[in-house]
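Residue numbering for the sequence shown follows this note's numbering, beginning at 8 and increasing consecutively.
Each statement offered as a hint is correct.
No farther apart than 35 angstroms at their CA atoms in a straight line, the calculated lysine-lysine pairs in the DSBU-like style are these:
id: 1; residue 1: K123; residue 2: K97
id: 2; residue 1: K97; residue 2: K107
id: 3; residue 1: K109; residue 2: K97
id: 4; residue 1: K12; residue 2: K109
id: 5; residue 1: K109; residue 2: K123
id: 6; residue 1: K123; residue 2: K107
id: 7; residue 1: K123; residue 2: K12
id: 8; residue 1: K116; residue 2: K97
id: 9; residue 1: K116; residue 2: K12
id: 10; residue 1: K12; residue 2: K107
Okay, the calculated beta carbon distance ranges per label pair:
id: 11; residue 1: A22; residue 2: T99; range: 31 to 37 angstroms
id: 12; residue 1: D89; residue 2: K12; range: 28 to 34 angstroms
id: 13; residue 1: T113; residue 2: T135; range: 29 to 35 angstroms
id: 14; residue 1: E72; residue 2: N31; range: 16 to 22 angstroms
id: 15; residue 1: M69; residue 2: T99; range: 14 to 20 angstroms
id: 16; residue 1: E72; residue 2: A19; range: 19 to 25 angstroms
id: 17; residue 1: T21; residue 2: T99; range: 35 to 41 angstroms
id: 18; residue 1: Q119; residue 2: D67; range: 29 to 35 angstroms
id: 19; residue 1: L130; residue 2: H46; range: 16 to 22 angstroms
id: 20; residue 1: T21; residue 2: K109; range: 35 to 41 angstroms
id: 21; residue 1: K107; residue 2: E136; range: 24 to 30 angstroms
id: 22; residue 1: E17; residue 2: T135; range: 16 to 22 angstroms
id: 23; residue 1: A22; residue 2: K109; range: 34 to 40 angstroms
Just so you know, the hints here were simulated from the structure itself, not pulled from any lab data.
All values derive from a computational prediction rather than experimental measurement.
Heads up, the beta-carbon is just placed ideally off N, CA and C, and yes, glycines get one too.
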Amino acid sequence: MNTNKTGYEEVAHTADLEIRAWGNDLESLFIAAAEGMFHLSGIEDYEEGFSAIREQISLDAMDFEGLLILFLEELLYRLTEDYMLYDIDKLTINDNFSLKAKLHGTQIKSYQRDIKAVTYHRLNIQETEDGYSVNIVFDI
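Throw the hints in and build the complete structure from the sequences for me.
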């Protein structure tokens, strides 16, 4: 594992895209996964003069893996449909598998890779001695 407490790295995959993300808690794990997904999409440029927007989202799932999928799918939808890239200002995850996030979005001009979906393939959040880690496969 990488020595950084939070982060992501691309993992070689034969047909799709895959990252491994890690964090010292679930919140930092989810944020690292989002950053990894945005990195894989290849954001090319930001719109000049566009004022950033702030939004809030709330999500509920049956487990933490499902919550991670919902979170990434929400961000992916906003990226591909609205051309918005989001920083996560605040993220709270509860034991009852609910998430609340404050987002800070910026309009982008384009992205290089079209990620179609976040998959459940091999998705399993693992608790480690350093926190949490997960591998996520993205359908392209």
